[in-house]
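If you read the sequence shown in my numbering, its first letter stands for residue 58, the second for the next number, and so on.
Treat the hints loosely; a few may be bogus.
Unchecked claim - For lysine to aspartate or glutamate, the following EDC-like pairs were computed, each having C-alpha atoms within a straight-line distance of at most 16 Å: (1) LYS87 with GLU160; (2) LYS170 with GLU95; (3) LYS217 with ASP66; (4) LYS96 with GLU219; (5) LYS170 with GLU114; (6) LYS111 with GLU192; (7) LYS166 with GLU85; (8) LYS166 with GLU114; (9) LYS89 with GLU208; (10) LYS203 with GLU160; (11) LYS96 with ASP154; (12) LYS222 with ASP187; (13) LYS111 with GLU208; (14) LYS89 with ASP179; (15) LYS203 with ASP157; (16) LYS170 with ASP187; (17) LYS170 with GLU192; (18) LYS132 with GLU148; (19) LYS203 with GLU93; (20) LYS166 with GLU231; (21) LYS132 with GLU143; (22) LYS222 with ASP110; (23) LYS111 with ASP206; (24) LYS132 with ASP118; (25) LYS170 with GLU106; (26) LYS166 with GLU192; (27) LYS203 with ASP118; (28) LYS96 with ASP157; (29) LYS222 with GLU93; (30) LYS87 with GLU215; (31) LYS222 with GLU95; (32) LYS217 with ASP187; (33) LYS87 with ASP179; (34) LYS203 with ASP154.
In case anyone wonders, no lab produced these hints; they're calculated from the structure.
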Amino acid sequence: TKTEESDLDEIKPGLVQAIQKSLDSLMEMKLKEGHEIEKDFNQRISLLEGYLDKIHERAPDLIQEYRTRLNENVKKMLQDLEVDEERISRETALFADRSDITEEIVRAKSHFKQFRTYLADDDAVGRRLDFLIQEINREVNTLSVKSCDAEISRIVVEMKSELEKIREQTQNVE
Numbered sequence: 058t059k060t061e062e063s064d065l066d067e068i069k070p071g072l073v074q075a076i077q078k079s080l081d082s083l084m085e086m087k088l089k090e091g092h093e094i095e096k097d098f099n100q101r102i103s104l105l106e107g108y109l110d111k112i113h114e115r116a117p118d119l120i121q122e123y124r125t126r127l128n129e130n131v132k133k134m135l136q137d138l139e140v141d142e143e144r145i146s147r148e149t150a151l152f153a154d155r156s157d158i159t160e161e162i163v164r165a166k167s168h169f170k171q172f173r174t175y176l177a178d179d180d181a182v183g184r185r186l187d188f189l190i191q192e193i194n195r196e197v198n199t200l201s202v203k204s205c206d207a208e209i210s211r212i213v214v215e216m217k218s219e220l221e222k223i224r225e226q227t228q229n230v231e
């Protein structure tokens, strides 16, 4: 009816204004939340980079420690017999090859850099961040498997904990 249309015309500007104000408030809130999440991500990525640096520093010692342990174990088993230093060197070289984590460290650092690049992007990046977290997790798992070291394993557990927090937070990112 005419009166209903007239009433609607009368309240329409106020209704549109109220909706617009609500949408503006929502967008402002989402923007603030986004900045806080970005700050949190950057802090966590920095923490992960620090953990990765500790692993990188620890890695060279592993080979020498392995060689020393192997030498001691062989001497104990052979007792008075002569130790074949060439064989010890070959075994140490094999261990060094199997436990080389350089590639994983380089890839993880690359993923961290890409993560930060995505954070600076204004587009929707939630899925890309989630994918990168999966990739970083793979690298961290490989580090753990290759290292065979208690200290590195402890650091890996810390890294996985941080990665899980980041993964959960990416669920809040568009």
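Now for the hints, and whether the structure bears them out:
1. LYS87 with GLU160: 38 Å, violated
2. LYS170 with GLU95: The given pair, whose Cα atoms are some 14 Å apart, holds under the 16 Å limit.
3. LYS217 with ASP66: Roughly 58 Å separates the two Cα atoms, so the pair is violated.
4. LYS96 with GLU219: 14 Å, holds
5. LYS170 with GLU114: With Cα atoms ~20 Å apart, LYS170 and GLU114 exceed 16 Å; violated.
6. LYS111 with GLU192: 20 Å, violated
7. LYS166 with GLU85: The given pair, whose Cα atoms are some 33 Å apart, is violated under the 16 Å limit.
8. LYS166 with GLU114: 15 Å, holds
9. LYS89 with GLU208: Distance ~39 Å between LYS89 and GLU208 Cα, so the pair is violated.
10. LYS203 with GLU160: 11 Å, holds
11. LYS96 with ASP154: 38 Å, violated
12. LYS222 with ASP187: Status holds; Cα separation ~12 Å.
13. LYS111 with GLU208: It holds: about 10 Å lies between the C-alpha atoms, which stays within 16 Å.
14. LYS89 with ASP179: Measuring from Cα to Cα gives roughly 14 Å; hence the hint holds.
15. LYS203 with ASP157: Roughly 7 Å between the alpha carbons, so the hint for LYS203 and ASP157 holds.
16. LYS170 with ASP187: 15 Å, holds
17. LYS170 with GLU192: 13 Å, holds
18. LYS132 with GLU148: Holds, at about 15 Å.
19. LYS203 with GLU93: Violated, because 36 Å separates the two Cα atoms, which is more than 16 Å.
20. LYS166 with GLU231: Violated, because 24 Å separates the two Cα atoms, which is more than 16 Å.
21. LYS132 with GLU143: Judged against 16 Å, a Cα distance of about 14 Å means the pair holds.
22. LYS222 with ASP110: Since the Cα atoms of LYS222 and ASP110 sit roughly 20 Å apart, the hinted pair is violated (cutoff 16 Å).
23. LYS111 with ASP206: 13 Å, holds
24. LYS132 with ASP118: Given pair LYS132, ASP118 is violated - Cα atoms ~21 Å apart, limit 16 Å.
25. LYS170 with GLU106: Answer holds: LYS170 to GLU106 is near 10 Å, not above 16 Å.
26. LYS166 with GLU192: Since the Cα atoms of LYS166 and GLU192 sit roughly 11 Å apart, the hinted pair holds (cutoff 16 Å).
27. LYS203 with ASP118: Given that 16 Å is the threshold and the Cα spacing comes to 14 Å, the pair holds.
28. LYS96 with ASP157: 33 Å, violated
29. LYS222 with GLU93: Holds, at roughly 14 Å.
30. LYS87 with GLU215: With a Cα-Cα distance of about 30 Å, the restraint between LYS87 and GLU215 is violated, given a limit of 16 Å.
31. LYS222 with GLU95: 13 Å, holds
32. LYS217 with ASP187: With Cα atoms ~14 Å apart, LYS217 and ASP187 stay inside 16 Å; holds.
33. LYS87 with ASP179: Roughly 13 Å separates the two Cα atoms, so the pair holds.
34. LYS203 with ASP154: 10 Å, holds
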